[in-house]
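**Student:** Here are the chains, one letter per residue:
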Amino acid sequence: MPIQYYIYLCLALFSIGVIGVLTRRNAIIVFMCIELMLNAVNLLLVAFSKMYHGAALQLTPGTTAGIDAQIFVFFIMVVAAAEVSVGLAIIVMMFRNTHSVDINFLNRLKN
Amino acid sequence: MSTLEILFYALSAFAIISAVMVLVSKNPIHSVLWLILVFFAISGHYILLNAQFLAIVNIIVYAGAIMVLFLFVIMLMNIKQENEFKKHLLVKFIGVLSGGSFLVLLVSLVKQTVQLQGQKVLLKEGNIGLIHPLGKALFTDYVVPFEISSVLFLSAMVGAVIIGKK
Numbered sequence: 004m005p006i007q008y009y010i011y012l013c014l015a016l017f018s019i020g021v022i023g024v025l026t027r028r029n030a031i032i033v034f035m036c037i038e039l040m041l042n043a044v045n046l047l048l049v050a051f052s053k054m055y056h057g058a059a060l061q062l063t064p065g066t067t068a069g070i071d072a073q074i075f076v077f078f079i080m081v082v083a084a085a086e087v088s089v090g091l092a093i094i095v096m097m098f099r100n101t102h103s104v105d106i107n108f109l110n111r112l113k114n
Numbered sequence: 020m021s022t023l024e025i026l027f028y029a030l031s032a033f034a035i036i037s038a039v040m041v042l043v044s045k046n047p048i049h050s051v052l053w054l055i056l057v058f059f060a061i062s063g064h065y066i067l068l069n070a071q072f073l074a075i076v077n078i079i080v081y082a083g084a085i086m087v088l089f090l091f092v093i094m095l096m097n098i099k100q101e102n103e104f105k106k107h108l109l110v111k112f113i114g115v116l117s118g119g120s121f122l123v124l125l126v127s128l129v130k131q132t133v134q135l136q137g138q139k140v141l142l143k144e145g146n147i148g149l150i151h152p153l154g155k156a157l158f159t160d161y162v163v164p165f166e167i168s169s170v171l172f173l174s175a176m177v178g179a180v181i182i183g184k185k
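Chain order of the listed sequences is A and B. If you count by our numbering, then the first sequence holds residues 4 to 114, one letter each, in order. If you count by our numbering, then the second sequence holds residues 20 to 185, one letter each, in order.
Same shape as in the complex, but just chain B (with noise of 0.2 Å):
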């Protein structure tokens, strides 16, 4: 097994097992605190997939802002770790069934799937994951969506003191 092989499994385990606790922790800060260890692992992956951009942009887009925020808001709130309302045994049993039965449905239509027989991704090389090609990309081809992007965030700026304000 070839390095590459063992950082894949190392870190999709590492990804599979903090994701499992985001779910299973009883505090809520502790499940802010595994989910930013799957975004961690999420950026690994993209580094082994010679994707650099999207790894830092993930480590300080999620990992920094956004559940820094999460952290905020639970902390402000002072909520008291949710003994009061848990969910039906059967409301639960239910939805891992179903979630399951999601999982596998695709699976094994993925294991069927004739096109995708064969297809190798290609790690640690090619270049377009590099800043280079993705930002001549961004602003030629992409420049207006990107403008775009930015009303957007104005709206969700002020959409945001507004909901927030009362």
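So that you can see chain A by itself, here it is in the shape it has in the complex (with noise of 0.2 Å):
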């Protein structure tokens, strides 16, 4: 499979993800939005890695060469779900003060 076919898919999921961030005004669903983007980049490192891999295997066969993005994606996963549960506190938070989750309501930094 050509490494050009993964890099548009997760292009496109992430562009989803962006639009997703600008269009949105529920702040919960802006949080996903930026889960999708973070897990179409994951994607495309585990991508990256196996192209890599598969040509560093035709050199030297029983390399374990690219195993590092995936490391990579792991950790990225682990920072994803501190960020995650902190965020998420944040909103309930702000949902508690404000009675709304509507990021239209968070300009008080503003003045």
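Hints listed in this document are in silico derivations from the structure and should not be mistaken for laboratory results. Keep in mind it's a predicted model, so treat the numbers as computed, not measured. Just so you know, even glycine gets a beta-carbon here, dropped at the ideal spot from N, CA and C. Heads up, a few of these hints could be off.
Label-pair ranges, simulated between beta-carbon atoms [what the hints assert, rightly or not]: (1) B:G183 to A:R111: 17 to 27 Å; (2) B:V170 to A:G65: 29 to 39 Å; (3) A:H102 to B:H49: 37 to 47 Å; (4) A:H102 to B:H107: 19 to 29 Å; (5) A:T63 to B:K185: 55 to 65 Å.
Reference listing, derived: stretches of chain B covered by chain A, where coverage requires no fewer than 3 residues with Cβ under 8 Å from a Cβ of chain A [said to hold, decoys possible]: (6) 20–32; (7) 47–60; (8) 67–78; (9) 146–158.
Relying on the hints, combine the two individually framed chains into one complex.
**Tutor:** In structure tokens, the structure reads:
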């Protein structure tokens, strides 16, 4: 499978995430779109890792080249889990103060 | 067309359609359920790439833990249908336009890149995605970041409790 197909797929998913962040006003949906973008990047990292691994496998059989990208994906998932827990706590706190999850209420830092 | 290609196209279409449905569905709970379907499609892609550990971790962590957290928060807040806050149509149009031009720009950039021409992704073969090589790399070369991530989790847990307690 050519690498370009994977890049196009991940770009489409990432752009859908960008459009969601730009067009929706519900803070939870915006947060979910950020997760979608993270996942698109993860998929692209794994695809590049397999591309690099396939090229290295022809030179030296039995090599584990390209494993670093998969470790990176693992750490991205770890950081995303930590980020989600804190972010959802912030959204819950915001809902408690304003009784809404509309991001247009979050303009108190403006003045 | 081989089986792998059919699987690739089917999973890609599934992922993109579900991702679009995340945006267009009005009810936030439906968005969460569609996003879970996106994660399952991405896990299918991982299995296709023979990254089995990441596929399982993706299902357990994302579809199992994170999205359940989202669902709990949405049910806790008891949000009504989001009729009261709609974005202005012009803002929506500009958002879609900028996202679409971002996509078109990057696709044309990838199309022109010489270094990517003829590069193939190794499907179904290659054992770097299995548990044995990944565990070996994780606990030898990457043991320090692994331990630091536990501290990160601890601080995130403390932060979430402190923020949510008030």
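**Student:** Are the hints correct? Go through all of them and say.
**Tutor:** Structure-based check of all given hints:
1. B:G183 to A:R111: 17 to 27 Å: Holds, since G183 of chain B and R111 of chain A (Cβ atoms, about 20 Å apart) stay within the stated range.
2. B:V170 to A:G65: 29 to 39 Å: 35 Å Cβ-Cβ, so the 29 to 39 Å window holds.
3. A:H102 to B:H49: 37 to 47 Å: violated (22 Å)
4. A:H102 to B:H107: 19 to 29 Å: For H102 of chain A and H107 of chain B the Cβ distance comes to about 22 Å; the hint holds.
5. A:T63 to B:K185: 55 to 65 Å: At roughly 57 Å between Cβ atoms, K185 of chain B and T63 of chain A fall inside 55 to 65 Å, so the hint holds.
6. 20–32: Three-residue rule met by the segment 20–32 of chain B, so holds; n is 4.
7. 47–60: With 6 residues closer than 8 Å to chain A, the segment 47–60 of chain B meets the three-residue bar; holds.
8. 67–78: Answer holds; 7 residues pass the 8 Å Cβ test.
9. 146–158: holds (count 6)
Violated hints amount to a single one, hint 3; each of the other numbered hints is respected by the structure.
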